[in-house]
Each structure stands twice: as C-alpha cells, then as structure tokens.
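Chains A and B, in that order, are what the protein sequence lines are.
As numbered in this note's numbering, residues 1 to 229 make up the first sequence, in order.
As numbered in this note's numbering, residues 1 to 229 make up the second sequence, in order.
Just so you know, these hints were derived from the structure itself, not from any lab.
Misleading hints may appear alongside valid ones.
If several chains are the same, the list does not tell them apart, and a pair holds so long as it fits within one copy or across any two.
[Unchecked claim] List of simulated lysine-lysine pairs, DSS-like, C-alpha gap at most 30 Å:
1) 210 <-> 108
2) 5 <-> 108
3) 28 <-> 108
4) 210 <-> 76
5) 76 <-> 5
6) 210 <-> 28
7) 108 <-> 198
Computed from a predicted structure; not experimentally measured.
Number of protein chains: 2
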Amino acid sequence: LRRIKASGLKLQLCTNETQATRENFVRKLRAMGFDISVAEVTAPAPAACHLLRERGLRPHLLVHDGLIPEFAEIDKTNPNCVVLGDAAENFTYANLNEAFRLLIGMEKPVLISLGKGRYYKETDGLKLDVGAYMKALEYACDIQAEVVGKPAKRFFESALAELGVPPEQAIMIGDDIVSDVGGAQQCGMRALQVRTGKYRPSDENHPEVKPDAYVNNLAEAVDIILQQL
Amino acid sequence: LRRIKASGLKLQLCTNETQATRENFVRKLRAMGFDISVAEVTAPAPAACHLLRERGLRPHLLVHDGLIPEFAEIDKTNPNCVVLGDAAENFTYANLNEAFRLLIGMEKPVLISLGKGRYYKETDGLKLDVGAYMKALEYACDIQAEVVGKPAKRFFESALAELGVPPEQAIMIGDDIVSDVGGAQQCGMRALQVRTGKYRPSDENHPEVKPDAYVNNLAEAVDIILQQL
C-alpha cells in the first residue's frame, strides 16, 4: 500500500465485506497497520444504497447487525424490496420466512443480494455465505436476485468512478479467480491473480477466466506494476 | 375412500409429509374420519430409509423432530450423507452450517432431500419448504441433491410396488400439477388433477404437464373411476 501510494498511483480497495460498516472495516485494517481511509473502500452496502436511492426502493434488511448503520439514511418504511447480506446469526428460520413472505407478497419481487459467495472460513469452521441464502429465496419465489458486490460489473464501475480512472488504466489484484479477476476483466480492466488466500492451483485451469498474469504475493504484484510505470 | 375400498380397488396415499412419522400422520387422518392404515401410506422418510439401506449410507439428519423415529433403525454413526427434510424450527443457522460442513468434508457429498417443495401455508403464514434449503446446500457445495418423494419416479414406483399393480392399471389423483400429475405420468400412470387445494387456473396452461382429465373434487374423481370399472 505504502509503495503504491508513494508512486502517485491511485488505490481503491474492493471488498465484499458485509458484516461491518466501512468505518469499522477501515478501523480494523488501520489497527493492523494499513494506511487506508473510508473513501478508499468500495463495499456492497454503499453500492446497494446508491441503487436503492436511484430506483426509489425501500428495503427490508436481512443483514448482519454490524451493517445496519450503512442504511441509516435509507427510507425503510413499507418495504418494496429485500436486501440480503451475510446476516450470520440473523439467518434464523423466522427471519428467512419473514423475508420470503415480503418477497412473495410483492407484485414483482425485488431481491438485492450483497454478494453471492458460497461459504467462508472462520476460526470456528466453515459458514454458509449469503449466496446460499440468496439461492433459497430465489428458488422459493422463482426469481433472480440482483447481486451487488464482486463480481458484478456495476460494482467495479463504481470503484472506477471513485478513482476517476477509465478501466484500461486500472489493474485489479485479487485472490478470487471469479469474483476478483473475472469481474474486473468483464469491466475492461486487467487483473492479476495472487497465489495466496483463496487461490487454488486448479484456478489456473479455470474454464472461463484467465488472469493477465499470476503473482506469488501482493509485494510481487506491486513490483510488476511499478516496473511498468 | 370408503367408496373406493368398497369397490375392491386398491388404494395408496402418496404424501410428501415430512414433519411427522406415518403413524402420527395416519392418527391425524383417522381422527378426521378417514379409514386409512400405515401400510396404505407412501411417504418420503421410509423411501429414504430404503435407499439408505440399499446403498449402505449412514445419514446425518436435518429433519423435523417429529420425523426422527422413522430413522430409528438406521445406523447414523460416522455419517456419510445428509438427509434433509422440512425441519421447520430446526432450520437454524447452526444446524445448516453443521449439515454444510459435513457435506463439504465428504469426498463425494451425498445430499438426500425428502422433497423439493418451495413453500407451504400454515395458519400463521407462508413458510419456506425443504426445497429452498436444499437449493442453499446444493449451491454452497456445488452438488445436486437426490430428491426422494413426489415427483421422483422412484417414489411412485415404490407406491406401485406396495399396491402390487403395474403403472398402466393405476390412476393418480392430486392437486399439484407437477408433483402429483407430472410425477405419476412420468412413471406411466394416468393422472387426474382435482380443482381444489393447490390447484390454480393457470395450471391448465402448464407448459410441460397435462393431466389426463380434470375433476372438480375428489368425489367426482371417484365417480369417474368407478364408472369405468
């Protein structure tokens, strides 16, 4: 991060984090020593708020308690859509039925999902991610959710808008072959896959997505980018 | 029921009930005045037990408490598959994560679903049915569940086996265009749709399933069947 910023390049962090507000997310990163500000973070919840305002939608929220402040300014009375995030402990039978009933009662049900991850790992084991619950509601209502967050094209476009940079002048660095690399490339950006984190050797034979290059870690990605300036 | 039995015809009740054992299901029907015995009921849980035994599978159960006695005779130690029913209040975040972890930890995950209904109505409102949770686990594990229960062909075949009757000598009567009518026809049976219960006028334009005839109610179905003897 420090080397990128020192070189004069602009930086935007694209995360699918939906358990905390950007403020709390940035606080955590700063505590770990990363020099990052809220304005440098693109996250699904603010992207969803943008979309809700644009279309006059009033959401019923099925999200993590930690995310609720992101929707503070949004009118939530008499909901005409459901916003689904990684609600974790809030994914109760009662809450899922409530979200379902609201959707099935709408003339044209609108389900906005803050990502479509299948699962993730926490210290106490693997957990079902928002994508699994999205599929449950999609099937029950016979609808397609609108996904905000990586790999949605709109999401990368809003990150580029924040940077004020056209896609051909931007490079995505990520560990997820589909969400990070595939999503950015669909948007006209180049993309590097780091061989850390979610990376699996089988990614290198992915049937649909091929990164512009592989790097062994973030430092190597920065080396390559700075060499080409 | 009385008229069918008096005529000498055999009868088998095919239900997707997975919240109670057949014993309790029959008790409820008898209390309502229906002359029916446990042997006359084909239900998903016993069909699943048959399949588990056949393939040497030891299930982890995510089902309704009321259904657990149906699996009393089945070895459930060191599970190598997951059996999913309409678990209702047992569809907790913790239980879903547990079922998911077992599946994703298997070399070849086996998910057996006791039906694939989208939702159903109870006195306090609509509820997500087993199919929605099946889709969540399918997506998270990137697998296809094996569905036991209507409209699975195997399910109708086992009902016919109970009756000792070939499909061309059997008639299905049901209110669900896909689960009842479509499932039975795929098995070589004829099928009547009753215009009660789940029936919707739009069923008559169903793109894939066309009943052999419509009847306004069960009594009319019996009239037609008895006339043709």
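Now for the hints, and whether the structure bears them out:
no., hint, in the structure
1, 210 <-> 108, "between (37 Å within a copy, 27 Å between copies)"
2, 5 <-> 108, "neither (46 Å within a copy, 47 Å between copies)"
3, 28 <-> 108, "neither (39 Å within a copy, 38 Å between copies)"
4, 210 <-> 76, "neither (41 Å within a copy, 44 Å between copies)"
5, 76 <-> 5, "neither (39 Å within a copy, 57 Å between copies)"
6, 210 <-> 28, "neither (32 Å within a copy, 59 Å between copies)"
7, 108 <-> 198, "between (36 Å within a copy, 21 Å between copies)"
Figure legend: structure checked against the earlier numbered hints; hints not met, in rising order: 2, 3, 4, 5, 6.
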